[in-house]
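Asker: No gaps in the numbering here: position 13 of the sequence shown is 39 in the numbering used here, and each next residue is one more.
To be clear, the hints were calculated from the coordinates, so they are not data collected in a lab.
Just so you know, nobody snuck in bad clues.
Only pairs whose alpha carbons sit at most 30 Å apart, straight line, appear in this in silico DSSO-like list of lysine-lysine: (1) Lys-325 - Lys-157; (2) Lys-493 - Lys-535; (3) Lys-376 - Lys-330.
Pairwise CB distance ranges, derived in the manner of DEER restraints: (4) Lys-551 - Arg-403: 31 to 39 Å; (5) Arg-403 - Ile-249: 35 to 43 Å; (6) Gln-274 - Arg-68: 55 to 63 Å.
Bear in mind that the values here come from a model prediction, so they are computed numbers and not experimental data.
Glycine residues also receive a C-beta, built at the ideal position from the N, C-alpha and C atoms.
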Amino acid sequence: DAAAFMKKLKISKLVIYPYAHLSVNLAPPSHAIEVIRAMKERAKALGLDFHAAPFGWNKRLVIAVKGHPLAEQLRSYAAEELAKPSEEVPEALLMEEKLESYWYILTPEGEMIPVKDFDFRGHENLEAFAKYEMQKSRAVLEQPPHVSLMKRLEIADHEPASDPGNLRWYARGRLIKSLLEQYVTEKVIEYGGIEVETPIMYDMGHPALKKYLHKFPARQYVIPVEDKKYFLRFAACFGQFLIAKDMQLSYRHLPLWLYELTKYSFRREKSGELVGLKRLRAFTMPDVHALCKDLEQAKEEMKKRLKLSLEVMEGIGFSEDDLEMAIRFTKDFYEENRDFIFDLVRMFGKPVLAEMWSERYFYFVLKWEFNFVDCQRKAAALSTDQIDVENARSYGITYVNEEGEEEYPIILHCSPSGAIERVIYALLEKAELMRQRGEKPMLPVWLSPIQVRIIPVKSMYVPDCVKLMEELEKNGIRVDVDDRDETVDKRIREAETEWIPYIVVYGEKEKTSGTLSVRIRSEDKIMAMKPEDLIAKIREETGDKPFKKLPLPKLLSRRPAFR
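Please work from the sequences and hints to get the whole structure.
Answerer: Have a look at this one:
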């Protein structure tokens, strides 16, 4: 077309030049060079008198343009249909799909029993978990109960203006989430974690990162910036490893724990697998790595971190019956470290699912997780830890040993709780399981956005209720007052649907006697209590957990609905 156009205008010479100012969407230089080379070859084949000018050539000219008589002759050339770029899938994901696994049940007594031969009587959750894991299907066929609960309780919701798997958080949900974030962080620091903060995006061309991307079984968000590609992190590994690479470490510093609560981590999960709070594309991940001088030290640290994770899960509100454990390892690692693996099983205290690989496909030789089995008999991993034998070398992380020589440490990757969003998923699913058993569903008191609701019988008692609210607030309790012009029964019913642990109905009797009529949700009964007794009971339930004030108007008449 250019040759025909030149002939029409009786122009004999052609200049091929990458004029960047004519585009708002520039290709990287590597692509531009390919196109210019192809244009030169085509011009030569057509016998045109052409010159290919270098980039910046026009800056040496002074051109005065009077009018623009040929503007209507401007031509723009582009491919009729741009080919959709192929997705670069990490090698670990491809290997995971081809992976051949051998499944067993490990018992605290030291037995290793093939799954098909294990007697699951009394271990029905473990059986459901084993079936789910062995099928390796994560497709969502129906909506799990927690999705409607997270919306009805004004915790979180889908954001239509964002990519699927990126949620909006309402005030109550943000409160729950921030309390969990604070609790896990405090526990890690209590165990000796050093808290840092690192970037959320990294250069895909970085040698160490590129290798790790292919070893980690997750899809990434990729962002093109000029002539580079960046990916959004899916964990805190990258930033912490790059920090560790620059540290001056000796054997005296090890084991060393580096910790970050990532806000956010990103994994571009398949759209058919996204669901509510269980599987997201943007999530909050507490991530603590331990640098250990050798495998023996790593094994001892893993036991400490398993203890930490058990404490975190119990502190959040999960019991032993709520969790099932999986341990995954290579055959070689099992044969050389059998006693250690069964030590982990004994610490958990009940049979666990084991997945054995014939060879190592990933950067780790062992990983374990705590899993929650939900209302649909599907599972999701919460706490986890891994023994990484590869990334210290990949990132150039070294320490000086007792002989003054440099060595590569073993790295442990632990999340004591798993993603914060997934913890909330498990709490909501647990509450639904309570309802199915005939119990009243509720969140742990320390995580309940409103711990006490005060309902005045008449509007004349609102000032007294506000005073009572202020007294409870001074003692670290989240309280509100339902001062709306509704019947007492309706206000009680609505408080029940919000899963409020303690409901106080306040009238003349309470004003005169100083004794409160308190509905206790967990016990499904009404008790007469002095304010100080109610305070003591709630403080006993919440213990030393973090506390945050209610981020909503205290009077319900002034509180807007989010949905």
